[in-house]
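Starting from the structure of chain Y, add chain P where the hints point.
2 protein chains.
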Amino acid sequence: MPSSPDLYAFVRGELVPLTHAYLHVSDLAIQRGYGVFDYFRIHETQPLFVEDHLDRFYESARLMQLDVPMSREALRETVLELAQRNNLELSGIKLLLTGGYSTDGYTPVPEQASLVMIQQPLTMVEQSVVDRGIRIMSHEYVREVARAKTINYTMGIRLLQRLRELGLDDVLYHQQGVVSEFPRSNFFIVRQDNTVVTPAQDMLFGITRKKVLQLASQQYPVEEGVVTLHDVWQAKEAFLTNTTKRLLPVVELDGQPIGTGKPGEVTLSLLAAFQELEQAALAKASVV
Amino acid sequence: MPSSPDLYAFVRGELVPLTHAYLHVSDLAIQRGYGVFDYFRIHETQPLFVEDHLDRFYESARLMQLDVPMSREALRETVLELAQRNNLELSGIKLLLTGGYSTDGYTPVPEQASLVMIQQPLTMVEQSVVDRGIRIMSHEYVREVARAKTINYTMGIRLLQRLRELGLDDVLYHQQGVVSEFPRSNFFIVRQDNTVVTPAQDMLFGITRKKVLQLASQQYPVEEGVVTLHDVWQAKEAFLTNTTKRLLPVVELDGQPIGTGKPGEVTLSLLAAFQELEQAALAKASVV
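Protein chains in written order, with our numbering: chain Y, 1 to 288; chain P, 1001 to 1288.
It should be emphasised that the hints constitute simulated quantities derived from the structure, not laboratory data.
There could be a bad hint or two in this list.
Stated by the list, open to error - Computed footprint of chain P on chain Y; a stretch qualifies when at least three of its residues, placed anywhere within it, have a C-beta under 8 Å from a C-beta of chain P:
#, region
1, 54-61
2, 106-115
3, 125-138
What the hints assert, rightly or not - Per label pair, the in silico range of CB-to-CB distance:
#, chain 1, residue 1, chain 2, residue 2, range
4, P, L1166, Y, E265, 50 to 58 Å
5, Y, T123, P, E1223, 51 to 59 Å
6, P, F1205, Y, T260, 33 to 41 Å
7, Y, Q256, P, P1017, 29 to 37 Å
8, Y, W233, P, R1132, 52 to 60 Å
9, P, G1225, Y, S269, 29 to 37 Å
10, Y, Q161, P, Q1161, 43 to 51 Å
11, P, E1140, Y, D67, 24 to 32 Å
The C-beta atom is built at its ideal place from N, Cα and C for all residues, glycine as well.
Looking at chain Y on its own, in the form it has when it is part of the complex (with noise of 0.2 Å):
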């Protein structure tokens, strides 16, 4: 994060330049791989979602069995402290907990935990990617704790070199066939009959995937259930969802086009919905 000299970044208690933030080896990140982590989008001094990100938050700590050392009204005024400190135009906020430092290396102590706030500047993805789509890959494997946003991403980023040799954007993870999520996003179909369809094991609870669902079902038949990487060949159209990407069309899986190989009129009605719904949320959080 070399380019941003004058963010600020909170660590264990103080805000810090981010260039001075650090911890020690002895911390449970570094250890053992053990945290959980949040990121929501802060518009200008805005942070969209917040109630929904900082629930998930709380729940991501409790099923690691981590306590946040904060009440959520001083974890609320430390993030929007530290985005009025940064005052950035589009950027977005990671809250991260972990383990913590540890005498033994191994076992939490609970005082001792962690917790960091990183602010970084954020690009959308470009108006050209929501026109073409992704195309993307299936591979076998199921998220340790799917239901809490672990630190742990060992097998999306081993799998980067394979996509970047396929000149892939992306892999989906299945299990015997059955579609859980992408390593950061959501996933959902459109079957021909126009009902919107995402998985609902084996998955991290998205935020933006909970809005596009309510979205949706204002339009069209809505399911949570299963979905196979059969049902995705025979679907309509196919999107992922997350915080930086909002809906993104997928439009190719292992060399198979998805419907008609490009972004589908519901996908896109979608996402100009959950435009619209980002505005509202943005302009009410400014009145208040």
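Positioned in the frame of chain Y, the structure of chain P alone reads:
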């Protein structure tokens, strides 16, 4: 690690006081739990079985597509320099290689990999623990990329609380009843006919495991293959192996005794043979 203020560590190219051994929060260990490590004992300034550990460290790095940013010779030299600087009676050195400082918090930048070495005093298992053996439970789980010694201990650390509640010493991983390993140790059984058997799938190739297999084959039939939970309860003896515990008798699994429920003869004879091997290896090294 607050108890050893005078110790030195090696962090990204420099020997520094352990109290100043920090990594920037952009490191992929902190961001994404991405890294590998190895760990070996140091007797005064002599590393034990260091070539085996270096072999495995480079193999773990390769499996995780990381490059060790130092030749094997330079790495060995740095280990010896650190051991001489710290000059502890009995200790362990941890070699750690992470995905390193990343500009986007996800993609490894090869020239930014973080190589870290930490040395800490070590206390071996007390004789009373060997005399009474340990009690364990089973848990269905397979480590990701089990052949690599990654820093991902999500499951092992998450299970610590249950072990504490049940008053047990460790957890043995299995998949559909086929046993693999402990979070930090290998597993052996001794059948009624004195055959020494250890799992060969979904586990890390432990250095102590390798030495014990060599020693056992001089006295007993030896097998690397499938071990089921049922086999464990039918066994005459069971034990675990790792670098800090050598061989430790396992006398109970999921509330049922193994064999007589006491440490067995074959286990204790192999432990004695292993201690002799250790002494010989250290004596040989001190002559060089």
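Confirm or reject the claim that Q256 of chain Y and P1017 of chain P have a C-beta distance inside 29 to 37 Å.
-> Since the Cβ atoms of Q256 of chain Y and P1017 of chain P sit about 57 Å apart, the hinted range of 29 to 37 Å is violated.
Cβ distance range 24 to 32 Å for E1140 of chain P and D67 of chain Y, holds or violated | Distance hint for E1140 of chain P, D67 of chain Y holds at roughly 27 Å.
Measuring from beta carbon to beta carbon, are T123 of chain Y and E1223 of chain P in 51 to 59 Å?
-> holds, 57 Å
Could one say that the CB atoms of W233 of chain Y and R1132 of chain P fall in the range 52 to 60 Å?
-> At roughly 59 Å between Cβ atoms, R1132 of chain P and W233 of chain Y fall inside 52 to 60 Å, so the hint holds.
Can the suggested window of 29 to 37 Å be confirmed for the beta-carbon pair G1225 of chain P and S269 of chain Y?
-> Since G1225 of chain P and S269 of chain Y have Cβ atoms about 57 Å apart, the given range 29 to 37 Å is violated.
CB-CB spacing for Q1161 of chain P and Q161 of chain Y relative to the 43 to 51 Å hint = Violated - the Cβ-Cβ distance for Q161 of chain Y and Q1161 of chain P, about 36 Å, lies outside 43 to 51 Å.
Okay, F1205 of chain P versus T260 of chain Y on CB: inside 33 to 41 Å?
-> Given about 50 Å between the Cβ atoms, the range is violated.
Mind taking a look at whether chain P covers the region 106-115 of chain Y? Criterion is 3 or more residues with CB to CB distance under 8 Å.
-> holds (count 3)
Do the beta carbons of L1166 of chain P and E265 of chain Y sit within 50 to 58 Å of each other?
-> holds, 56 Å
Can the region 125-138 of chain Y be counted as covered by chain P under the rule of three residues or more with Cβ-Cβ separation shorter than 8 Å?
-> violated (count 0)
How about the region 54-61 of chain Y: do at least three of its residues have a C-beta closer than 8 Å to a C-beta of chain P?
-> violated (count 0)
Hint compliance for this structure: hints 1, 3, 6, 7, 9 and 10 are not met, and every other hint is.
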